[in-house]
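Enquirer: Turn these sequences into a full structure, and let the hints steer you where they fit.
For the sequence shown, UniProt numbering gives the first residue as 1, with consecutive numbering after it.
You can trust all of the hints, since none of them are fake.
Simulated DEER-style distance windows between Cβ atoms: (1) S84 <-> A261: 37 to 47 Å; (2) T326 <-> L23: 18 to 28 Å; (3) S31 <-> T267: 39 to 49 Å.
It is worth saying that the hints were derived from the structure and are not from the lab. Backbone N, C-alpha and C define an ideal beta-carbon position, used for all residues, glycine too.
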Amino acid sequence: MSYTPSLFQGSLMLPTSLPAPRLIDPNSVPSLRWGIIGPGGIAATFADSVHKHTAQRIVAVASQTPGKAEAFATPRGIPFALTSYQELVSHPEVDVVYVATTHEFHKQHALLAIAAGKHVLVEKPLATNPTDAQEVLDAARNAGVLAMEAMWTRYIPQSDVMRQLLSDGVLGEIRCVVSDFGQDLRHVPRLIDPVSGGGLLDLGIYNFAFSSFVLGEASEVATVGSLTSTGVDETTTTFLSYASGAQAVATVTMAAFTPTAASISGTEGRLNIHEPFFTPSGLTLFASEFNPTPVASWRDETGVPAHEGLSYQATALASFIDQGLTDSPLRPLHEAVRDIGLILQARHQVGAYLTGEK
Numbered sequence: 001m002s003y004t005p006s007l008f009q010g011s012l013m014l015p016t017s018l019p020a021p022r023l024i025d026p027n028s029v030p031s032l033r034w035g036i037i038g039p040g041g042i043a044a045t046f047a048d049s050v051h052k053h054t055a056q057r058i059v060a061v062a063s064q065t066p067g068k069a070e071a072f073a074t075p076r077g078i079p080f081a082l083t084s085y086q087e088l089v090s091h092p093e094v095d096v097v098y099v100a101t102t103h104e105f106h107k108q109h110a111l112l113a114i115a116a117g118k119h120v121l122v123e124k125p126l127a128t129n130p131t132d133a134q135e136v137l138d139a140a141r142n143a144g145v146l147a148m149e150a151m152w153t154r155y156i157p158q159s160d161v162m163r164q165l166l167s168d169g170v171l172g173e174i175r176c177v178v179s180d181f182g183q184d185l186r187h188v189p190r191l192i193d194p195v196s197g198g199g200l201l202d203l204g205i206y207n208f209a210f211s212s213f214v215l216g217e218a219s220e221v222a223t224v225g226s227l228t229s230t231g232v233d234e235t236t237t238t239f240l241s242y243a244s245g246a247q248a249v250a251t252v253t254m255a256a257f258t259p260t261a262a263s264i265s266g267t268e269g270r271l272n273i274h275e276p277f278f279t280p281s282g283l284t285l286f287a288s289e290f291n292p293t294p295v296a297s298w299r300d301e302t303g304v305p306a307h308e309g310l311s312y313q314a315t316a317l318a319s320f321i322d323q324g325l326t327d328s329p330l331r332p333l334h335e336a337v338r339d340i341g342l343i344l345q346a347r348h349q350v351g352a353y354l355t356g357e358k
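Expert: In structure tokens:
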């Protein structure tokens with residue numbers, strides 16, 4: 001990577017421009033045939049973005065609610081609208097299954113696809129607890145298929161820019177990672193339901209994945225917070241400690257809209273991820289000093305805005321399959337299992353237990 005140095009800061013020279021993201025050409029990978037289990041809101045956004053920005057094609061959708069699959073399929077030109085999940089995963093025209101049901105069904109439906117010999121993209125979180133998530137990982141390995149958590153942020157352009165900066169040590173030794181994610185979701189029944197609700201599983205998975213992306217495996221987790229009247233976590237702040245001495249702070253709430261920003265601070269510089277940090281946005285690099293002016297910046301100008309960025313993970317999955325991989329090198333399943341374990345600890349530390357956990 002080439003940088004144009006702008007100033008000395010410590011032992012490093014900070015760049016005046018940030019590297020370009022290394023993107024996969026959507027037309028360079030096989031055009032796989034996708035089936036969707038659970039045609040809800042996230043599935044609609046995924047399907048529309050995939051058809052708009054990739055060579056992948058949705059060919060089947062299944063719902064157990066009468067008429068729902070047809071209502072989803074017809075305006076999108078999806079040929080097969082099914083009422084049986086088993087029929088979808090067994091369908092000869094389906095190469096990959098996208099599991100977009102609610103959290104408590106992710107494991108069950110992922111295992112269904114894997115048992116049918118299909119590759120599978122599972123909405124986050126991979127499962128509601130690390131034991132179930134590990135079961136999905138083990139099943140995929142035994143079947144020799146690719147199972148991938150839909151942590152789509154790992155595949156958007158800014159994540160590759162960050163990946164290059166971190167690999168080159170531009171920020172020096174990372175000491176602190178900060179992120180927040182807040183929306184007012186108190187009116188959403190499934191998110192206040194102790195079956196699989198709570199802010200940490202629905203929103204916080206992004207924060208924990210971001211911390212893992214930068215710092216790897218945490219050695220300690222400590223969480224404070226409050227619960228909804230139904231007993232799920234509403235607002236939490238989690239402190240993650242690492243063997244390197246670095247720390248991460250993640251604030252998550254279902255009771256208010258927050259900036260949804262993130263930053264990575266090192267001994268040589270700070271990188272701000274523009275709001276919202278988990279969608280295509282931008283980056284600004286600052287020197288490691290009080291009240292600094294920006295040294296360099298990058299803004300996503302790919303023309304794939306907001307949640308249309310869900311399309312990147314579909315192209316990545318097709319690329320991994322084309323390479324013969326059975327795990328994502330950018331978000332390995334063992335990392336997803338680990339993050340779900342941290343979230344379980346965080347939930348329990350504030351007294352938030354899902355149905356059957358006590």
